[in-house]
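So the protein lines, in turn, are chains A and B.
Everything in the first sequence is counted per the numbering used here, starting at 453 for the first residue and increasing by one.
Everything in the second sequence is counted per the numbering used here, starting at 453 for the first residue and increasing by one.
Since the hints were derived computationally from the structure, they do not count as laboratory data.
Any given hint could be a false lead.
Copies of the same chain are indistinguishable here, so a pair counts whether it falls within one copy or spans any two.
The list that follows gives simulated cross-link-like pairs (lysine-lysine, DSSO-like), each with its CA atoms no further than 27 Å apart [what the hints assert, rightly or not]:
| # | residue 1 | residue 2 |
| --- | --- | --- |
| 1 | Lys-700 | Lys-938 |
| 2 | Lys-651 | Lys-842 |
| 3 | Lys-975 | Lys-498 |
| 4 | Lys-842 | Lys-498 |
| 5 | Lys-679 | Lys-840 |
| 6 | Lys-859 | Lys-495 |
| 7 | Lys-700 | Lys-679 |
| 8 | Lys-975 | Lys-513 |
| 9 | Lys-584 | Lys-737 |
| 10 | Lys-842 | Lys-693 |
| 11 | Lys-479 | Lys-651 |
| 12 | Lys-584 | Lys-938 |
| 13 | Lys-679 | Lys-693 |
| 14 | Lys-938 | Lys-975 |
| 15 | Lys-584 | Lys-880 |
| 16 | Lys-769 | Lys-804 |
| 17 | Lys-795 | Lys-584 |
| 18 | Lys-679 | Lys-495 |
| 19 | Lys-976 | Lys-465 |
| 20 | Lys-814 | Lys-584 |
| 21 | Lys-655 | Lys-495 |
| 22 | Lys-693 | Lys-840 |
| 23 | Lys-479 | Lys-795 |
| 24 | Lys-700 | Lys-513 |
| 25 | Lys-959 | Lys-976 |
| 26 | Lys-498 | Lys-513 |
| 27 | Lys-513 | Lys-859 |
| 28 | Lys-975 | Lys-959 |
Given the structure is predicted, the values throughout are model-derived calculations rather than measurements.
2 protein chains.
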Amino acid sequence: METRNLIGYQYTKGGKAFNATNPATGKPLEAEFNAASVEDADKAMKLAASAFEVYSLTSGKTRAVFLRSIAEEITALGDTLIEAAMSETGLPAPRLQGERARTVNQLYMYADLLDEGSWVEAIIDTAIPDRKPLPRVDIRKMMVPIGPAVVFGASNFPMAYSVMGGDSCAALASGCPVVVKAHPAHPSTSALVAEAVKKAAEKHYLTEGVFSILYDDGYTVGEALVKHPATKIVTFTGSLKGGMALVKMAQERDEPIPVFAEMGSINPVVLLPGALQSRPQELAKTYTDSITMSAGQFCTNPGLLLAINGPGLEEFKAALKQGIEEVNSATMLTPGICANFGKLSEQMLSDKVISVIGHSEKLNDENANQVLAVVAEIKAADFLEDEKFKEEVFGPYSLLIVADDLKQLQQVVDSLHGQLTATVMAEKDELVNYRSITDSLAKLAGRVILNGPPTGVEVNNAINHGGPFPATTDGRFTSVGTSSIKRFVRPVCWQNWHPDLLPDELKDNNPLNIWRLNNNEWKK
Amino acid sequence: METRNLIGYQYTKGGKAFNATNPATGKPLEAEFNAASVEDADKAMKLAASAFEVYSLTSGKTRAVFLRSIAEEITALGDTLIEAAMSETGLPAPRLQGERARTVNQLYMYADLLDEGSWVEAIIDTAIPDRKPLPRVDIRKMMVPIGPAVVFGASNFPMAYSVMGGDSCAALASGCPVVVKAHPAHPSTSALVAEAVKKAAEKHYLTEGVFSILYDDGYTVGEALVKHPATKIVTFTGSLKGGMALVKMAQERDEPIPVFAEMGSINPVVLLPGALQSRPQELAKTYTDSITMSAGQFCTNPGLLLAINGPGLEEFKAALKQGIEEVNSATMLTPGICANFGKLSEQMLSDKVISVIGHSEKLNDENANQVLAVVAEIKAADFLEDEKFKEEVFGPYSLLIVADDLKQLQQVVDSLHGQLTATVMAEKDELVNYRSITDSLAKLAGRVILNGPPTGVEVNNAINHGGPFPATTDGRFTSVGTSSIKRFVRPVCWQNWHPDLLPDELKDNNPLNIWRLNNNEWKK
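So here's chain A without its partners, still in its complex pose (with noise of 0.2 Å):
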């Protein structure tokens, strides 16, 4: 394995040493690391840029020929990939390998999704010679890549959101080269798959400057890129406090760029009273599993359950609090994480109005950075006063609101801050009734769920992986599936153009036969 910095084609070492933690055992790992210079954070951005000229110009079939090749290359990688992730994560090898295959396939989506070329929504009103008062021109709009992006390496997902996780996936299929500022939890995994892209990258000639990847265990680096003038568009999956300061950042500069921070999210999970009535201790197995997952290190952790006092609300409780305290103690992903969460979680639950549940008995004394799940209960009254209940715990942890009623469990709802995930717990015929809270939901969040767990997100053409502030920096975007290639084009219109001269996007004879819509009429 290489460990040095990658610009372009080129391995540049960089300055301070670096080792990143093996959680499990709380000692440092044997590969060193770099951290890179702002000269290479320069130096990769310029390259980028310079490849932007000629990658931005490529075909959607060179680029799908590419991401292929990527994902045949991160397979290939085999177990030394997963063995990585695992000594630097601290992550189960089954939960990895399903990463993985997330990862790759999200590759393959992407290169059909080029090969059948539709997405650059082309758009044609022709000319209209003759009308009047004036004659109608001929434009033709097509989404072009944006420019040279930054992705930040997200400490949750070694692989798929990683180095060519979903981010690099969908600025490379849209034609913009990607710099990586690999996350200084998980730099062996990152230089693994780095070094698969560059393979990828150099079988099919592509120009040097498409991919590079920096480390760098502080902020440096990753502010440097930020700040970079050849740098178009940043994304990033992690806290609040990470995701503004890069807003911030960009925000200031000459020329202020978007950044795509997907953020804090509680994904609040309503309980409905028949559901809670007929099947407690279904509810409470799902919400078990679904909280400790990962040890409740996924962005669309269930933080809180939201319950109007009634029939099944004490079962259920008990039922959770049982299942909780079967649950294993586990190990998170890093020191940092794990001390942050038991600061956290601390903190709330010393809290006088807050009550626990339940917790995990399991404590695993063999490995460091254990965590032990645990869920709360607060009365909605008592939630309703203080914002503070409304903060992420990055880890294991579930608040359980009962209101007193339905009015009560509205406020709540009302309450609440935009979310990546609202869920209701139903049964079948009593969703109706209910139409007012399922509404606002749908307001708060970028994806609702009936009757499933918000862990667990497809990768598909329909997933919304957004939503309002917090959860993001743009609901307008999401940062899943296909249509999160949206983030990195921007549409362009050639007014009276040179018929032979236009992308073959948008040519009269549609030689890529792709669906446009022409005239006002969508055809292919």
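Please build the complex by placing chain B on the supplied structure of chain A, with the hints as guidance.
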């Protein structure tokens, strides 16, 4: 005409009185308006938020009826509206009649878009219960409105980008209530249109608060509206300074919100050697007209002409000089805009590297706020030395940049900031030889034009009126044409939802008969 502030269906008297100025006479107009208060802004936004709860759930067909009704009411205002606009803007009647037609047409165009219904981008991926390792859930996505919009009226389009211009029309079409901050230069025009909107809303029993309008000749009300927690998006057309001030306010909110501002653009026009040589007179005529149309007060005014020194250039310059000299002086929109033009153009022209090619010599000294068109020349090498030459001089001003050769022309193009438009005047056969220039122009701008002036914007599906910063704050959106609705919407997906409770757009039987991406296939 009712001159009071309108909050929902109630007229409410504000504070400090002000009168608009007739720019042609320089004298105050009779109608007295009252600046709204911060409390008025709060009331209007709260009412908009409460209207959003209902209006966001109306069908597209309901909103189409509303938009058509607004168009009818605006048309019914007849000459009264044109006369008010003439007295407040100094623009001639034919120009304003054309603008009214555009305003009304875009309301009808949006109504048609809503009736057709496919604009919501419905995407459906149905369940696959037996998929391994995990079942695939049913997910269905569509666009929904994001919330109350604050629309700032633009000075240069008293109808088409003001009270019920493109921004308001797109917002209302999407399902977002609108609170207009009227431009203080044309309050009577604004008040007349506001009355038309109120009539249409009342006629169709729309929820109170879908539309409000507030007046202010200062910044207090605008600031209060942008900072109000109920505001979810802001649109603005005007100066870079004004737009960026709004962005700053919007970013500093507890919940940052998007500001779509269309700001500075100098719309470069490249005159290729073949065109210059074969038709210098025609080019000069086209650009004399384009530069001086509506006193140069179009956002697409061609502020830069670029040419390589060679055959035809001198003849072009001579014809341009003659053409400009023959242009009558014109009344500018406001005394402020007039003064600013004088100051900025003087600053530019006083620079020793700039020489005047020609200026209007026909001053109408019976009218106030007159402006004389001017075109000047600079060597490319000098232009590249100072950023100030790239600043927008709002008015009938254009700078001809003369490059020594193609390489220098390319340098100039590559040095430019983001633009709304970029134009090439070329002979049919030469364009292919300047691929590098045209590729660069498409990277720079939202619309590239062959052989036509940038002034004059088609309002249709294919148009893009937007572009990289500083042309707009977000080049991923357009502010003209049907796609401009995308600024006001965000995706929501419903997962495993109750079939009967899905929005009609996402129901299995496609009751609205719209185009949808259904399991990866576009169909009705």
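Structure-based check of all given hints:
For the homomeric pair Lys-700 and Lys-938, the shortest alpha-carbon distances inside one copy (22 Å) and between copies (25 Å) are both at most 27 Å. Proximity of Lys-651 and Lys-842 under a CA criterion of 27 Å is satisfied in neither setting, with 45 Å inside one chain copy and 43 Å between copies. In this assembly of identical chains, Lys-975 and Lys-498 lie within 27 Å of each other by CA distance neither inside one copy nor across copies; the values are 40 Å within and 43 Å between. Taking the shortest Cα distances, Lys-842 and Lys-498 sit within 27 Å of each other only across copies (23 Å), while inside one copy they are farther apart (42 Å).
Taking the shortest Cα distances, Lys-679 and Lys-840 sit within 27 Å of each other only across copies (23 Å), while inside one copy they are farther apart (32 Å). For the identical chains of this complex, Lys-859 and Lys-495 are inter-copy neighbours only, at 24 Å across copies versus 58 Å inside a copy, given an alpha-carbon limit of 27 Å. Proximity of Lys-700 to Lys-679 under the C-alpha cut-off of 27 Å is found in both arrangements, the shortest distances being 10 Å within a copy and 18 Å between copies. Taking the shortest Cα distances, Lys-975 and Lys-513 sit within 27 Å of each other both inside one copy (21 Å) and across copies (24 Å).
In the homo-oligomer, the alpha carbons of Lys-584 and Lys-737 lie at most 27 Å apart only across protomers (22 Å), although the nearest pairing inside one protomer, at 69 Å, exceeds that limit. Within a single copy, Lys-842 and Lys-693 get their C-alpha atoms as close as 15 Å, which meets the 27 Å cut-off; across copies the closest is 37 Å, which misses it. Within a single copy, Lys-479 and Lys-651 get their C-alpha atoms no closer than 32 Å, and across copies no closer than 72 Å, so neither meets the 27 Å cut-off. With identical chains, the CA atoms of Lys-584 and Lys-938 are never at most 27 Å apart, being 37 Å at best within one copy and 30 Å at best between copies.
For the homomeric pair Lys-679 and Lys-693, the shortest alpha-carbon distances inside one copy (18 Å) and between copies (21 Å) are both at most 27 Å. Taking the closest pair of Cα atoms, Lys-938 and Lys-975 come within 27 Å of each other both inside a single copy (21 Å) and across two copies (21 Å). In this assembly of identical chains, Lys-584 and Lys-880 lie within 27 Å of each other by CA distance solely across copies; the values are 26 Å between and 57 Å within a copy. With identical chains, the CA atoms of Lys-769 and Lys-804 are at most 27 Å apart within one copy only, with a shortest distance of 19 Å there and 81 Å across copies.
Taking the shortest alpha-carbon separations for Lys-795 and Lys-584, neither the intra-copy value of 71 Å nor the inter-copy value of 39 Å comes in at or below 27 Å. Within a single copy, Lys-679 and Lys-495 get their C-alpha atoms as close as 13 Å, which meets the 27 Å cut-off; across copies the closest is 40 Å, which misses it. In this assembly of identical chains, Lys-976 and Lys-465 lie within 27 Å of each other by CA distance neither inside one copy nor across copies; the values are 51 Å within and 56 Å between. Taking the closest pair of Cα atoms, Lys-814 and Lys-584 never come within 27 Å of each other, the shortest separation being 80 Å inside a single copy and 31 Å across copies.
For a Cα distance limit of 27 Å, the shortest separation of Lys-655 from Lys-495 inside one copy, 23 Å, qualifies, whereas the shortest one across copies, 62 Å, does not. With identical chains, the CA atoms of Lys-693 and Lys-840 are at most 27 Å apart within one copy only, with a shortest distance of 15 Å there and 37 Å across copies. In this homomeric assembly, Lys-479 and Lys-795 come within 27 Å of each other (Cα to Cα) only inside a single copy, at 22 Å, whereas the closest approach across copies is 67 Å. For the homomeric pair Lys-700 and Lys-513, neither the shortest alpha-carbon distance inside one copy (37 Å) nor that between copies (41 Å) is at most 27 Å.
Taking the closest pair of Cα atoms, Lys-959 and Lys-976 come within 27 Å of each other both inside a single copy (12 Å) and across two copies (25 Å). When the C-alpha separation of Lys-498 and Lys-513 is checked against a cutoff of 27 Å, the pair qualifies only within one copy, where the shortest distance is 26 Å, while the shortest distance between copies is 50 Å. In this homomeric assembly, Lys-513 and Lys-859 never come within 27 Å of each other (Cα to Cα): the closest approach is 55 Å inside a single copy and 32 Å across copies. In this assembly of identical chains, Lys-975 and Lys-959 lie within 27 Å of each other by CA distance both inside one copy and across copies; the values are 14 Å within and 23 Å between.
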